[in-house]
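Visitor: Using the sequences provided together with the hints, build the complete structure.
Residue numbers (the working numbering), protein chains in the order written: chain A, 1 to 757; chain B, 758 to 1514.
Misleading hints may appear alongside valid ones.
[Unchecked claim] Looking from chain B toward chain A, a few residues come up when the C-beta cut is under 8 angstroms (computed): (1) Leu1333; (2) Leu1336; (3) Ala1446.
[Stated by the list, open to error] EDC-like, lysine to aspartate or glutamate: derived pairs with alpha carbons at most 20 angstroms apart: (4) B:Lys854 x A:Glu45; (5) B:Lys1394 x B:Asp1250; (6) A:Lys606 x B:Glu1408.
Simulated from the structure, these hints should not be mistaken for lab results. Glycine residues also receive a C-beta, built at the ideal position from the N, C-alpha and C atoms.
There are 2 protein chains.
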Amino acid sequence: MERMLDYCSVSKMKLVKHLTIFLVVATYSFGSMAQDHPKLILTQEGVKEIRAKMGRLPILDKTLATIKEEVDTAIEQGIDVPVPKDYSGGYTHETHKRNYRLMQKAGILYQLLDDYTYAVYVHEMLKAYADLYPNLPIHPKERSYARGKLFWQCLNDSNWLVYASQAYDCIYDYLSKKERKHLEKNLFRPFADFISIKNPQFFNRIHNHSTWGNVAVGMIALVMEDDALLERALYGIKDVELNTGTKDNDGGFIIEEGKEAGFYANLDEPFSPDGYYTEGPYYQRYAMYPFLIFAQALQNVKPELKIFEYNNNVLIKSVYALLDLSDMDGDFFPINDGQKGMSYYNTSLVNAVDVAYYYGNKDPKLLDIAQKQGTVVLNDAGLSVAKGLKNNQQLPYVKKSIDLRDGPNGEEGGISVLRKDKLELVFKYTAQGLSHGHYDKLSYSFYENGDEVVQDYGLARFVNIEQKGGGNYLKENKTWAKQTVAHNTLVQDQTSHFGAKYEVGSKNHSEHYLFNIEDPKIQVVSGIEKNAYPGTKMHRTMAIIQNKGWQKPIVLDVLQVESDRAHQYDLPFYYLGQLMTLNVPYKAEDTLRPLGGDFGYQHIYKEGSAQLTDDNLKFSWMANNKFYTLTSLATAKDSLIMGRVGASDPEFNLRRDPVLIHRKNDRSNTMYASVLESHGTYSPVTELAVNATSNIKKLYKLYEQDGYWAVGIETVDGRTTVFVFSTLNNTSDKYHSINIEGRELKWKGPFTLINLN
Amino acid sequence: MERMLDYCSVSKMKLVKHLTIFLVVATYSFGSMAQDHPKLILTQEGVKEIRAKMGRLPILDKTLATIKEEVDTAIEQGIDVPVPKDYSGGYTHETHKRNYRLMQKAGILYQLLDDYTYAVYVHEMLKAYADLYPNLPIHPKERSYARGKLFWQCLNDSNWLVYASQAYDCIYDYLSKKERKHLEKNLFRPFADFISIKNPQFFNRIHNHSTWGNVAVGMIALVMEDDALLERALYGIKDVELNTGTKDNDGGFIIEEGKEAGFYANLDEPFSPDGYYTEGPYYQRYAMYPFLIFAQALQNVKPELKIFEYNNNVLIKSVYALLDLSDMDGDFFPINDGQKGMSYYNTSLVNAVDVAYYYGNKDPKLLDIAQKQGTVVLNDAGLSVAKGLKNNQQLPYVKKSIDLRDGPNGEEGGISVLRKDKLELVFKYTAQGLSHGHYDKLSYSFYENGDEVVQDYGLARFVNIEQKGGGNYLKENKTWAKQTVAHNTLVQDQTSHFGAKYEVGSKNHSEHYLFNIEDPKIQVVSGIEKNAYPGTKMHRTMAIIQNKGWQKPIVLDVLQVESDRAHQYDLPFYYLGQLMTLNVPYKAEDTLRPLGGDFGYQHIYKEGSAQLTDDNLKFSWMANNKFYTLTSLATAKDSLIMGRVGASDPEFNLRRDPVLIHRKNDRSNTMYASVLESHGTYSPVTELAVNATSNIKKLYKLYEQDGYWAVGIETVDGRTTVFVFSTLNNTSDKYHSINIEGRELKWKGPFTLINLN
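Guide: And the structure:
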């Protein structure tokens, strides 16, 4: 069944035929036929203006030239519509994926360059699909809870339709009525039905999968002007009965009781009022494309719906939220199931930035990101960005410290990024984040200059690399990446938060206690988690503090734990780089064995260990030619484990990254406190080590009672700074007074910084 | 004894005094006194022209501004000449190091800016040293075989004098005779004597240490016009008796019988006729500075010596050799004891490039490197480069495939770099390389686009990072980094080449067999080693081949082993990155144990193993978002060990890098053959994997007898290419004829490539 059309040789005749037909049609239509396509993403006004401005808008010209070269090369190679058989990364999967992207681009080229070659190409390819589709069985790969036809999952089939709809819109007026009817009857309608009414377990969810499904159906509905199909896209399939409680391949619930469905429901549920998407930035990036492409189409075809104003402009807000959840290089913070390296250079972000600019307030800061992206989308939104850049209207997009609430009403915790100079601290106190969430309440990660210093491991998957588990999630994603011990947060009794049970985790969320960046030199975030371990309350407060006289800002981390009974507590610390010094004697193991049997402990080798003392634990390391030191409170009852990821990994799926685990045994209440410093640099070219050692002489606890704690930081120059925090009152107008070592301290608001000398 | 002069407050008066004195002297000298300094590195003509061109040579102006800012800041901070006590990386060490660099720069600033502030600064600092030096004992740190006074080793004391001599030359005419006498009597002469006649075991060697010593003495001799001292610098200390056979801290011989000493001897011995420095590029970079700074001084003060023409212009050749031993990013290949990341951006290379340009043939390609360096030296050589750049005379420095002979007469093996497109293959068949050499005969490393793909581990040391072993060589340098198993070459019976005995290794070298790059599509290098394991001959041939129709060039590696008795053979393969696929079943270990007890095996954990089959071993991995595959001949008697560096490493000094070891047991003669492909790319932004799998279907041995071998490479498109090699005749005019599987092959020269279909 596999077919390879040698486009160049076979279709030259066709091209001539089509041109002839066109000339007849054109003569006729100029008089009386309404040309009302394209209308979804490209509009006729947009096409007219882009054609007029061609050669005078550098970024747009460059993008057009790139796309033209790509599509021209593809046209030369001919059309290939193989019978589906592979998983992601395999030949048929990648070819169909390439096809829908090519069709969409060729459709645009037809419109912008007014060259029928591209219309013919799209039409030939769509016809090939119309030939193939009606006889296609369900995809032979059986892994998905919703198998597609062209791809192993309906999700990818939906991707295909979202793009193909745009291509169809672009060549709609070029086709004869009969040609359109053929495509709609044999391809588009059965395709839309298959991913919706034939797969309600896929279409009627609150999930990024369903968003793609809803949008695919909605897009083709708008092209075909089919209101019933549009209704289905916007509000889901009505009167469908599905078993609640069943799960998808990632462990997420397919249908939960009492939930709405369709595009609006998917817009209501996962986005918080701040535009944070509950699955995290990696999936938000993926989800943004269908949300925004459909919003554009709706705005253009059904402006009366005012989709961009929906829920207080949540769609535009979400673009900013996403940009702000990237590091200094533009890479998204890889919380939850996130692949490292995904960034705002992804094409879906090019679309997002252009849309937010054009349909938002023409924010000149967005032009800064567009300029970095170096490309625009070829439609009205991209045109608008290209004009802004041409006129040098951009302003720097300076990322600030942010706190984004999670949950549809913003009441399910949140995520904060504290930023100071080139430091970025990500503190996560969100809800579960649907099926891609990790069991990592109150976890954090830390970056300098866009480089990871204290990492979040991210997902365990080689996305689209077929030879590693078909390019899909690896089993280690569940056994390792999602588990609590894989994160920089507290593990109790070597189990994960919520027992790593999605049913429990998805019903809970952490609580916001404080986010205060009024003084950029003392930025504080604080969150509480009461449900991860029943009977135990964790209250973690993190601050970036730049005190006067200090060389660089430091990160203060205080984690209070209160429990109704004694436990073992582990606090992992996933530094990247190589050990420089440890201030306690330690013993390296001769033979490496896994740390435990489950909850991720089976994946950590014990490389060494140390007994701590009643003094500070000081650990210095080097990463990216920079020196860092962690100074922590310790007691003689504590111990340290030096670990390495990679145990119980029969297929070598995990990175061999290091970890330090600070262990406290048989404690009910306890407090972890530490200071993280970036303090020096090394150059392998000059071979100079500058400030290679810590500036902190001692960290100590001064106070912990009656709803307050205070820690003192003594620097090597002999000065002491005290940070005092109120754990019971987070209001800014409350006056506090406590007595520490005979000294009366008074202040207003939930915290204060005091220089003792 | 530690003294801190607050320069700004204390010396303002002095500055006034000096200026007054100067005015008197100047009035007097204009009439009759000859001003003949500076003359070593900066000349009076150079000073005149730089002053005249100031503001019109961008790169020179930029360099001057940078240096001025640095020195001005230092002057504000005041002079600090502490009593020596630390190792490298420690405070006193780094301060004295900073001081000599500052003095040299301040001397230049005095000349170029005609501003006495800088002369005063140099003078005050030299006086502080003249106060300190006479009473200084030997440095308290005891590790060195030649302890210095300012530093823990004479080597660093020599560094100090090389720089201080230049500073002294610059302010020589500014000082009164009495001031000069004070400095020479209390500082320079005793300093020069200490590092030479008081430390002949340091001064009279053939070693980079001695070069620094010779040059230090020579430089100050030229400033002071002391011919006896110059003689000592050029020819060593005469009539000194030293025990031969004793070793330095790195295990190198201090004195070998019958060796000459002094600068000329150090120029004769370690440089080959091709300009390769036997210790390798990392140490060549270090050694080049004294060689070239002294050569400049000799050329300026004693032009009759024609130092740059010495030994067929070996000094200029050596600059090219060094540049050609860097990867696409300019990083030197880290063979022997080399720290990764050291590059031609190092200041000693700025000097080298400027010198090679000015004292060589004004090669416009060197301007390309100078432009990348973005800085020049502030003297006649740098002026010349700045003018060349200003006039846009640069041409691209395109690095070609090279073969550099080792040994004073070029008869002790060599090192080759094969380059094709963005691939670089480094093949090492050198002599031992003095005390910094590794036991790695016929080893190789492989780079793509400047990134390591198959690595050479480099040294085990954190240079100048005091908290890691004082910034000096770690014990793992000897137990791991130097050992054969740490390299991509053959290990016999789990011992190192020459039994890792320097005495044996330093008496032997590999042999050149072939280097042929006539056809850039079939570049071949071949070397032979007969002494590493007595009774065993290794003949390794490596080629970069770009056959027509192949997507990319491949690396062919054939290692023939012949022995008089049976052995175990291990061939390690230090890929960097993460395993994608292995075509044989393998078993990962639950518990990790070291592979062996000595010769570096104690530092490798066994992570997994596989029994091979009579088919190819195929191993694919991903590194730097590129896909690679190694396809190797295998037999069912072979096995594979998946290892990881880091065992027996009590201080966490080693990187946790992976290795594959192809093991053959109980074999006398055998042949390892493999093809290394770079075949695909991955982008975490587009999440597209392109050409993620190998293009090679099968590798097979077609022939191995009568002084020939032939291997066939079948690609997935069904075409077979045969590479035939003559192992006994390497001449280019010899005709060969052999019969392979009934097919008569005829060709001329030592190898040929035949396409079978």
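Visitor: Hint compliance check: list the failing hint numbers for this structure, sorted ascending.
Guide: 1 and 4
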